[in-house]
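Chemist: Protein sequences, first through last, are from chains P and W. Numbered according to this note's numbering, the first sequence spans residues 1304 to 1529. Numbered according to this note's numbering, the second sequence spans residues 18 to 281.
Be aware that a few hints might be false.
Restricting the straight-line Cα-Cα distance to at most 25 angstroms, the calculated cross-link-like pairs of lysine to any residue (SDA-like) are [stated by the list, open to error]:
no.	chain 1	residue 1	chain 2	residue 2
1	W	Lys-82	W	Val-167
2	W	Lys-82	P	Thr-1506
3	W	Lys-82	W	Pro-21
4	W	Lys-82	W	Leu-68
5	W	Lys-82	P	Leu-1507
6	W	Lys-82	W	Gln-140
7	W	Lys-82	W	Leu-160
8	W	Lys-82	P	Ala-1510
9	W	Lys-82	P	Val-1503
10	W	Lys-82	W	Asp-26
11	W	Lys-82	W	Phe-154
12	W	Lys-82	W	Ala-148
Hints listed in this document are in silico derivations from the structure and should not be mistaken for laboratory results.
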Amino acid sequence: MEILDGLTAWFADPAQWSGSAGIPARLGEHVYYSLLALVLSALIAVPVGLFTGHTGVGGFLTASLANFARALPTIGVLFLVVMAAGIGLVPVIAALVALAVPPILVNTHEGVRSVDPGLRDAATGMGMRGREVLLRLELPVALPLVLIGLRTAAVQVVATATIAAYVGVGGLGRYIFDGQAQQNLSMILGGSVLVVALAVVTTLLFAGARRLLVAPGLRAQAAPAR
Amino acid sequence: MSAPAAALDWAQGVWDWAAANWYYPDEPGRGIRPRLIEHIRLSYASIAIGLLLAVPLGLACVRWKPLYPPLLTGVNVLYAVPSIALFFLLLPYTGFSDWTAIVPLAVYTLVILLPNVVDGLHQVPDHVRQAAVAMGFGPLRRLVRVETPVALPVIIAGLRVASVATISMVSVASLVGLGGLGRLILSDGFRRQFDAPIVVGVVLVVLLAFATDALLVLAQRLLTPWARRDRPRTGSVRRRRAAATAAADAPALASTAVAPPGKG
Chain P
1304 MEILDGLTAW
1314 FADPAQWSGS
1324 AGIPARLGEH
1334 VYYSLLALVL
1344 SALIAVPVGL
1354 FTGHTGVGGF
1364 LTASLANFAR
1374 ALPTIGVLFL
1384 VVMAAGIGLV
1394 PVIAALVALA
1404 VPPILVNTHE
1414 GVRSVDPGLR
1424 DAATGMGMRG
1434 REVLLRLELP
1444 VALPLVLIGL
1454 RTAAVQVVAT
1464 ATIAAYVGVG
1474 GLGRYIFDGQ
1484 AQQNLSMILG
1494 GSVLVVALAV
1504 VTTLLFAGAR
1514 RLLVAPGLRA
1524 QAAPAR
Chain W
18 MSAPAAALDW
28 AQGVWDWAAA
38 NWYYPDEPGR
48 GIRPRLIEHI
58 RLSYASIAIG
68 LLLAVPLGLA
78 CVRWKPLYPP
88 LLTGVNVLYA
98 VPSIALFFLL
108 LPYTGFSDWT
118 AIVPLAVYTL
128 VILLPNVVDG
138 LHQVPDHVRQ
148 AAVAMGFGPL
158 RRLVRVETPV
168 ALPVIIAGLR
178 VASVATISMV
188 SVASLVGLGG
198 LGRLILSDGF
208 RRQFDAPIVV
218 GVVLVVLLAF
228 ATDALLVLAQ
238 RLLTPWARRD
248 RPRTGSVRRR
258 RAAATAAADA
268 PALASTAVAP
278 PGKG
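For reference, chain W alone in the conformation it holds in the complex:
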């Protein structure tokens, strides 16, 4: 058989396996679909908890500046701890509950989300803040109505990087018996020396990451309608100025938003 035909045959085999094992109506815990749902649950919970931690921590860092460097160092050191070690260390306390996977993954997201929340809030122009004060906005209302919306694009940029990294990292939790699609890769694939489940697991993880990314882009468009309105089609002065600012911001953004993707 020629090479392309063999490759096609192999792909057909993988597809057939996926179709045959997608879902077992009699056994709801078996098959690919429950693993996918578990993967979504673990990764989305980690990202949400990470964001819930990053926002108050970021606010505290903006309010009390000396807090930021030690906190960031601490988060970076935690990020260097191998995920598998954290899973093993949590196992005696949280057992085989979802928390064994969620706690370390939520902590890892902070390494991306915390700097982005801080940078986003720092980016609010002073005159905007002063205008809000002059209009009689109190600190809380200013935060919710003015500062958060202005910081939103940077925060969502961080969320996009963190979500791709987290979704890819959930798979490692399969080594402690969690891990959604990672269980497909490890238990059904590697332990049985069968390549189809591994390929299906990898492809679904990548697709889930891309779909989540698209959702976040959509959320950003819906939450910051002014960004679209401010971008006229013709090359106006404003657009060129905006492009110049964006270029000037690029290194700073790249150092935070682009920096840490995923790790095993």
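Excised from the complex, chain P in its bound form:
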């Protein structure tokens, strides 16, 4: 109860809601880093995944690379890029992109690969060429999985963007690191609650995108487990 009271008091403090250290500003920074990293990762991973899935070329290489990126410790990438490029946005985005590319890439590749060969035959039979098959058949059919990959990446990026604060770039992580430095439990909890809320909103946005973008005929069939 005491913890909850502290948390409520932290959120209720008017000083929390204005200025460059206020919740709106920190939330804005956090969303900005996360969104930038996610868009960059999607620009890298979706075309590559579509290409390898469609052609079957480099499937093994893609899986190995994704596995490698998955094993990379985020703070190692962050600190290496900080030492190479200096403190700033670049190391944070680099570390987050390394984190976000594998799920998007693997899910896009898998999504295109697992398109029913019968559908592909039908598309060819209707006179579609390679690129048309990819864009008008394989991409829409693979979309549910692509969206799952993007959602997984987005939730991880939102949770991990907290470490941006360690190299002094702001975001909601500042509340967690500053709270620890000041031994202020409510501040750590408040920052965590905001990050979790942002992650939940992200998940809901992807559920909405799924409703808008995925063809109605596919929705029932490809309902994801999670």
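Assemble the complex: chain P is given as a structure, and chain W must be docked to it using the hints.
Modeler: For chain W alone, kept in the frame of chain P given last:
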């Protein structure tokens, strides 16, 4: 000096640092080797505890179906909590013991392991279960002798994803003074603005992740010998049918097994 020569020189420097700092016989707590051992201890303990939690929880979810959605949501919400926040919040209770790192990491593995245990158990064909009942297997014996082996490939697929993610995430615990190889990256590398320890730490984390993955693949081969026997070299009907089923299962598997890798 030309660029390739400079790169080679730099790599040589990193290698020399690693060789010189691998192990200090007089100070057992110093050097790279104790950090590696600490990393293995923290990550393997987290994965093992995660599995020990996921199996009974998964069984409960299969037995009492309404339990599954809220439990999965809860696990997913916990997964969204930044690891660093959980480390800080645990610090007053567990101090600098291993538990500060192990408890959050074990909870994170559930987001991958729980759905895989449930999916694996759901995947047991009904006729197999009925055959076991007809042969007089009780619930416990059926679980141990029939259902678990059939679910094993899916569970191990989950373990592979969870172990890579956990091994990479242990490093973050270095911010609270734990973290195995992460301490090499943070204390020896970043705080002294020295790149060799960071590179050595990153490379060893990746190698450890790959070695663990290989061990799990090996474990799966040893534990499911029938999978190899059932895969004849020539393209028999059975193989083609198996390939078709695998393709049909792929989206479902990809959504669970492939979905969440690691986070900081």
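Chemist: Go through the numbered hints given earlier and state which of them the structure violates, listing their numbers in rising order.
Modeler: Structure breaks hints 3 and 10.
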